[in-house]
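Listed in order, the protein sequences are those of chains G and L.
Heads up, the first sequence is in this note's numbering, so the first residue is 1 and it goes up one at a time.
Heads up, the second sequence is in this note's numbering, so the first residue is 1 and it goes up one at a time.
Don't read these hints as lab results, they were simulated from the structure.
Take these hints with a grain of salt, some might be off.
Here are the simulated SDA-like pairs of lysine to any residue, each with C-alpha atoms no more than 20 Å apart in a straight line [claimed, not checked]:
1. G:K132 / L:S22
2. L:K107 / G:R10
3. G:K9 / L:E110
4. G:K245 / G:E113
5. G:K7 / L:I155
6. L:K107 / G:T23
7. G:K15 / G:I122
8. L:K41 / G:L165
Keep in mind the model is a prediction, meaning the values are calculated, not measured.
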Amino acid sequence: MAKKQQKYKRLPGKKRGLFGYNTLWLGPDHMLAVVDRVFSEDYKRFYYRDIQAVTIRKIENFKIVAIILAAVSSLFVLFTFFFKEPWSIFFGVMSGVCFFGLIIYLIAGPSCECYIKTAVQIEKLPSLFRLKTYEKAMNLLRPKIEEAQGTMPVETIRENISRILKENSEAKPRRRPVRPKQARHENGVWHKTSFSMLLFSGLIYSTGFFYNNVSLSAFGSIISVLISITLIIALIKQNNSDIAKNVRLLTWATFGYFCIDFVLSNIIYLIIFFKNIDNSEIINNHFLMMKMVLEMSPAESPFVMGCYIFSIVSTWSLGISGLVSLKKPKSSSAGISSSSGESVLASGN
Amino acid sequence: MITCIKCMAPLGAEVVNNAELSQCPSCGVLTKVDLFPAMFKEISAGTIGETLITDNDASCFYHPQKKVEVSCSECGRFLCALCDVELDGKHLCIPCLQAGKKKKTLKNMENHRALYDNITLYSAIGSVFFWFISFLTAPIILFMIFRYWKAPTSILPRTKVRFLASFIITIIQIGGWSFFLLSLFAG
Numbered sequence: 001m002a003k004k005q006q007k008y009k010r011l012p013g014k015k016r017g018l019f020g021y022n023t024l025w026l027g028p029d030h031m032l033a034v035v036d037r038v039f040s041e042d043y044k045r046f047y048y049r050d051i052q053a054v055t056i057r058k059i060e061n062f063k064i065v066a067i068i069l070a071a072v073s074s075l076f077v078l079f080t081f082f083f084k085e086p087w088s089i090f091f092g093v094m095s096g097v098c099f100f101g102l103i104i105y106l107i108a109g110p111s112c113e114c115y116i117k118t119a120v121q122i123e124k125l126p127s128l129f130r131l132k133t134y135e136k137a138m139n140l141l142r143p144k145i146e147e148a149q150g151t152m153p154v155e156t157i158r159e160n161i162s163r164i165l166k167e168n169s170e171a172k173p174r175r176r177p178v179r180p181k182q183a184r185h186e187n188g189v190w191h192k193t194s195f196s197m198l199l200f201s202g203l204i205y206s207t208g209f210f211y212n213n214v215s216l217s218a219f220g221s222i223i224s225v226l227i228s229i230t231l232i233i234a235l236i237k238q239n240n241s242d243i244a245k246n247v248r249l250l251t252w253a254t255f256g257y258f259c260i261d262f263v264l265s266n267i268i269y270l271i272i273f274f275k276n277i278d279n280s281e282i283i284n285n286h287f288l289m290m291k292m293v294l295e296m297s298p299a300e301s302p303f304v305m306g307c308y309i310f311s312i313v314s315t316w317s318l319g320i321s322g323l324v325s326l327k328k329p330k331s332s333s334a335g336i337s338s339s340s341g342e343s344v345l346a347s348g349n
Numbered sequence: 001m002i003t004c005i006k007c008m009a010p011l012g013a014e015v016v017n018n019a020e021l022s023q024c025p026s027c028g029v030l031t032k033v034d035l036f037p038a039m040f041k042e043i044s045a046g047t048i049g050e051t052l053i054t055d056n057d058a059s060c061f062y063h064p065q066k067k068v069e070v071s072c073s074e075c076g077r078f079l080c081a082l083c084d085v086e087l088d089g090k091h092l093c094i095p096c097l098q099a100g101k102k103k104k105t106l107k108n109m110e111n112h113r114a115l116y117d118n119i120t121l122y123s124a125i126g127s128v129f130f131w132f133i134s135f136l137t138a139p140i141i142l143f144m145i146f147r148y149w150k151a152p153t154s155i156l157p158r159t160k161v162r163f164l165a166s167f168i169i170t171i172i173q174i175g176g177w178s179f180f181l182l183s184l185f186a187g
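The following block holds chain L by itself, in its conformation from the complex (with noise of 0.2 Å):
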């Protein structure tokens, strides 16, 4: 049943598909409803695996009384349909998927990625401010800028521009720490 977002009142056939805003008979909150062919798509139910009759047959891995169905595109252990988990086109036993996400080796499965670009930039610019803990936080930025220069950023395209950026603004602070000691020094 499809409800209003607002007052939770079912809307009708008329409201689905419009290509104008409908008024909810309910609370007259102007909604548009865009549903597709999925909404009707009949979910099929999981099967649990066939039992191994013979002994001639492979079973699987992780349950030795089933018979196997496919095996893992990572480790190459057999798998039942119980064991399967399809991604991407590969079948995967769960050991696989809960290691692939841990590593990051499956894409879909990453959900969160830390922006070392980001990082460095905005701690060079704030070190800019804060001019005296730039004595501590260049070498750091700039052991970071070479640490992560490779590591995976974003999923999304980008590009270096935000390291080569804080990369500048660290030389520079080097570079004027280094002058001033230098000054201070030779008297």
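Isolated chain G (complex conformation) (with noise of 0.2 Å):
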């Protein structure tokens, strides 16, 4: 058989989604796109003569992300110290497994999306998700594309902009553009007070996993329900208003923590419920049931401490992450952001 000739060089970047990966690589007239779905291969061309941009936008989630990293490591590593064998090789494994995804994510550096424009299209290029991995792969994809359309001195296409933007702005506009809709102005007060309750019900979880105690727990439950009012006020309150979209996703993820939180303690109370069926002194007294629920101890039982450890990690990862990203600086636009990226570029004529 005769050896292919190797056509195609590959650029840097590659991302794995669940069935397949994509990739991007050099061909002598046009870049391929390449979506590999383990059984077939989706190709996409886009000739070097045709790429009139390639853009990209920063996403700002690599503190939080690395943030949480670092804190479910350092909770493992806690644990670690505190438990007896096996548990404390599991907590040490774990807090080993964090420690080297935090690594590995820092080294990696902060993501981005990259987007790649010509005369009929915006497509994004899913492998370049890397800021670094999009310098290297910019520095491979640059020459090729002046090679086949010629440079262009950056006062040249500065200027060429600067003259379609004048013209777009004095020129009647053909359609009415969307404009998003006026938000109004939220301080974020409600949604500051939910992320700090959270961490003080984290720091009580936490207290309560080494100490346990009735009346640690009922005070536990009642900063719960605080933090449930609150949290639902907040919600309400971030509704089209300017609040950062990271803001609004961690505080539906607060509640979706609330909803798991709320079934689980119902299904301890079932467990409890259930053990006891056959007195009927203890089940028909929901004080004396309750009671019972809050001085189980993580020890009891794998699915307590379970709950225990799913509750410390997520009240104290959320509340970093929302108090972190309420520190940020509120962008001065009104509007209300898009998420959308295919309308990232229009023609410039």
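Assemble the dimeric complex from its two separately framed chains, guided by the hints.
Encoded structure:
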């Protein structure tokens, strides 16, 4: 069999999905975007002479993910010292895995979204999802594009853009532009309160993990109820407001956590109910049942331990992430940000 | 006009072709735009072809009233400017373009390929875990290996190592079943 000529050269970057991965390849006169779906491949060609622009947007979740990984890793390290074998081995391994993941994540660097524009399409390039990878790929792609199209001085390009912007602002719009709804300013007080109380709740859970006490558990339950109230107010307040998208998502994630926590609490209640089903004195006395639930220690059952770990990890990571996101400077735009990337560039003509 | 990916606000010239990321003046997101000369290239309108004036001139195969510009590289039919499709330096008519895409003779029109080597390899590996079905799957996989050995797999550089690996696994499975059946009948 004749040796196949190496026609394509792979660009840096590989985005793995559930059933395949995305890669980019440099050909003689085009760039090939390949979607490998394990049993088949799909191809898209971008000819160098047709590429008008490549644009990226930095995704601002780098610090949040790093904080979450660091928090989870620290928690597991803490558990390693406080538990005996075999749990200490398990938590040791988990802390190692999380720490290793954190190191890899920090080395990989901030993530981004990359789009390529031609005269007829704007396509996302999923494999260029790290800033470092994008820079390396562009250093290889740019010479090919310049070879096909020629070079234009940066000043000339900027002059052309300024001219087009001026022409567009002077010309009548062909159609009414889609304007984002005017957003209400929100100072995020309820969000700050919710996340701060969530951290406090995390502290109570962490203390209750090592020192089980009915009063502490009861206090923790009251705090959870208060957080639920402030959370619902925060969710109402963030609607149609200028609260950052990250904060909104984290608020919804916290709501999701409380829904799961509610379900888990009821499961524990049912476990105690069925354990004491023969004892009518206990099951008919709700106060006694509540006391038994609050008295449950993580050491008593793996399920309860799992619930505690889930609560501790969730409260700390959501609380810290929420407060960090709220500290970021708000945008000057009064509009709600759009998540659509397809309208990234309009024709310059 | 260049707009921000996130908030669609217009971006000024100061954001274009910068070495570093710049903030969108509207939403503050860090963005970078690399513009190329093709952005300002005028896209010329296509031509509909010249009308045939004299009977001495050849006419387009698909438009008898239009003058011939070029002939199809595949079938040789005369084509007017409207019917001519230029691809990879070749001039093609629409039916040849469609046929080329369908028969996969035009490499640059291919946008999908089945990876038979992956199909045979993952099937062979899967039948190792579900060994009881390997009695049926092993011959099928072996047939597929021979059937698609020379078939084009990926347009990217690729070796036959997957086919070889699935061949080895399948041969072992067939050998195992043969041994089992022989020992069964031998008593």
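Non-conforming hints, listed in increasing numerical order: none
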